[in-house]
Amino acid sequence: MFRVVNATGGYGKTVIIRDVSITVEKAEIVALLGRNGVGKSTLMRFAMALIPAFSGHVEIDGHSVPESPARRAKAGVGYVPQGRYVFPRMTVTENIAVAAETNGHSGRVAVESALREFPMLRPKADDLAGGLSGGQQQVLALARALATGPKILLLDEPTEGVQPSIIDEMAGILKRINRERGVAILVAEQDLDFCLSIATRAYVMEKGSVRLETDRESLRADRKLQQQLLGV
Amino acid sequence: MELDYLATVLLSSLSSASILLIATIGLAVVFGLMGVINLAHGEFLMIGGYAALTATRYGVPFIFAIPIAVLVTMAIGAAVEVLIIRRLYGRLFDTMLATWGLSIAFYQLAVMIFGTVTPGIGMPQYSLKIGNYSLAGYPLLMIGVAMLATLFVYVLMTHTVYGMKARAAIQMPEMARAIGIESYRVNTLTFAIGCGLAGFAGAVLLPIVPATPSMGFAFVIKAFLTVVVAGPVTLTGSALTAIGLGGGASMTASFMTSVAGDAFFFLITAFLLWLYPLGITARWRSKM
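Top to bottom, those sequences are chains A and B.
Take any residue in the first sequence, count from 1 to its spot, add 974: that is its number in the numbering used here.
Take any residue in the second sequence, count from 1 to its spot, add 281: that is its number in the numbering used here.
Chain A side only, calculated, beta carbon under 10 angstroms to chain B, not exhaustive: (1) L1024; (2) S1042; (3) R1046; (4) A1047; (5) Y1059; (6) F1061; (7) M1064; (8) E1068; (9) N1069; (10) N1077; (11) G1081; (12) G1105.
Each computed EDC-like pair below joins lysine to aspartate or glutamate, with the alpha-carbon atoms no more than 20 angstroms apart: (13) A/K1048 - B/E463; (14) A/K1149 - A/D1167; (15) A/K1000 - A/E1033; (16) A/K1048 - A/D1035; (17) A/K1000 - A/D1189; (18) A/K1048 - B/E455.
Honestly, the hints are just simulated from the structure, not real lab data.
A virtual CB, placed ideally from N, CA and C, is assigned to each residue, including glycine.
Looking at chain B on its own, in the form it has when it is part of the complex (with noise of 0.2 angstroms):
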């Protein structure tokens, strides 16, 4: 085996990584950090797509359509807070049952109006060649956005006054309103930021999975996976699991089949919640 073909499987591989850690930074604040199991954030991701679409429809180059999705899914995911989750904190099956029920209905809102087949956007031409292989630059170039979605997450939740409130709202939110903090619009904005980092996920792999009305589905399994996984230190826990199981299925998908790849990723997901069965992270001293 050469080590062109070697360096460029990691290369690819890594890159697979970050593309399911992109999927699921916004997965880690909801889930992870608040506890909330949205069964409709896969929708949150296929909005952000749709929104970013849009935009470069009505002639908005894609590296502005993507804080506009990112504005528009933060927005529905508010409202959807308001409306819904915050009635239901607590409520684990209710929550399920009704996020469940809105990914029903996004979906068939997605169909309605962009129909079940969409032309994706052109992928930016650039690549990079290793010895006999050439490599799309812009995968590779998700490795970047991974590593900087992750960073700023982490210093907005550990290193500002909004993270520590967000963070004291969810642990003990009567404590928290007990020394100040209003509890209740703090989680809708941490609600909303983990909804906007869904929707930045749908709009920046929008060159690398086109939007379509079931796009959600095929991170949102995974995503979760590997959130329950990372368990309690929930960004690092994350950023480790889609590195290790994202990673290591798609390697194993290059070197045999696509099917290998992602028997190796359930089989290793089921391994380590056998092996830890509250997450990775679950003895870990760390917040975040």
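Next up, chain A with everything else stripped away, as it sits in the complex (with noise of 0.2 angstroms):
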């Protein structure tokens, strides 16, 4: 339901990612992998028109959607990006409502059912995101995209500076979500055993392209492919 076609976009003049390809189905979990450096990150900021496509297209349930960050978003794709960018100067409170009520939810609906789903970020309701710890901005920016009601989320790097037992929890929560409220997740990681843990296909990339596309079981029984592709 979710494809990114033929897509090829860079900074400035330089490609960065080139003829990339990928699908995800309806309610699926999917891996994207590869080393520091590989276009990962490039190809989600692809996928949210934060960066202009030099070819190439995005395609929701087989309709093309615009180039634009706000008409992506109100199609159904939910950014949670590298480095959290929560907004700092808003309450926890108002960081979810901002993202349910420009997409049409009630805000307040929105804040007690993401309060409900991350009980953590209650006791810091009513605090400033900029003040809390990484971990909490990360669970944070993952609730603020779960309340624009999205139909795919794109997560980069979730688990980059999160301390362990936050990794452990967000990996429920995020099968969770998938489970109960059919949102399908494309997750881009270095962290080979978190993706095993949540996804069940995965595409590998190296150089700014796609390298192959495998399942679970099969990266995970291929160590060798593991050490060659993604240096573990």
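Bring the two chains, given one by one in their own frames, into a single complex with the hints.
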């Protein structure tokens, strides 16, 4: 249902990703793997229209979505960027409410459901988001993306700089969201264990292109491939 | 010193502080919230003044001339944002240069259209007697106007969906777009609102400060300093700073000379900025 088709893009005149095509089916969790600097984040930003497309496009349910981040968000793409980027001088509640209201949902209902889903945010509800710990900001960025009511979530390195206990919790939350709300997830990661624990299928990127597509079992079994492509 | 004199000085100082606050609120939005150094901000005040003056000349009652001034300055503000400011976000010096040029252009335009001297409009005639002293009513009314204007902006920015979008779009434009906010459009509106507030100030202060092409200049320096001293919690900080600095300067001026009042203003500003380089609210954990 979510497709990136022949994506070529980058910064300025520099091409970072070349002719990348990926597909995420309805309610599927797919991992995007690869070493540092292979273009995973650039692909995510391409999908969100945060960088200009040199060529290629993005489709949801068979329809091409215009090249505007706000229009992509409204078409059902939820984005959790690398480095979190919560709105620092807004409260936790406001971060969630503004995402919901912008997309025509009730802010109050979205905040209530987010605080139920992520109890660790409840004691911080009225604090400024900029004062939260890294892990809390990551969870807030996820809650904010969910508040937009997405069909697909794009998660860019969600485990980076997050303590292990929260990583486990996050894996549980993502699987639950996927199961209960039918939200598809595309997760770019370097943490292979995290990916293997949630994703059923994976694309492995190398030098700005998709090197191969594989499923969880083959990737888990193939130590040599892991070594070669991911350096683990 | 008699009690009635003291009360008179206190009230008139509070009213001077309120006048400063009214002139500052627009800047608290444009500079404090958006981080845009608009050197033509004072000229929006001037445009608001002339818009209201022109409207009253055509027979519009003063009270209705004020919203006209707000709409005119908002429209010009929106155009300036789209044509100039939008292209220069994050480019501090380019923005300053462009808006400085704009300020000169607006000033000359006002000289060409209205001349350098304009008759003021009469101050509404009512006054308050305290003991042996009597205070003009309209400047006192500004205390209430300043409170209402501050409250309005506070509620608009913290308790409405637009306010949340506005702050999100300014704090992280790209991320705001990625959750569906049309950041460009929202920023244009916010800048226009800031200019509209300047226009409101120019109009509402018209009975006290007659419209002249250079009237914005008189306010804009103190307004900028007020917002800089205020720091990141821009609105509450500006209100406090305007009352402290503006009120203190006015009190010093009544007991000594108006030069001493200005000296007080700039010395305390320098002292506060030495003490709090990022503004007095730098460590506050609140949003506006």
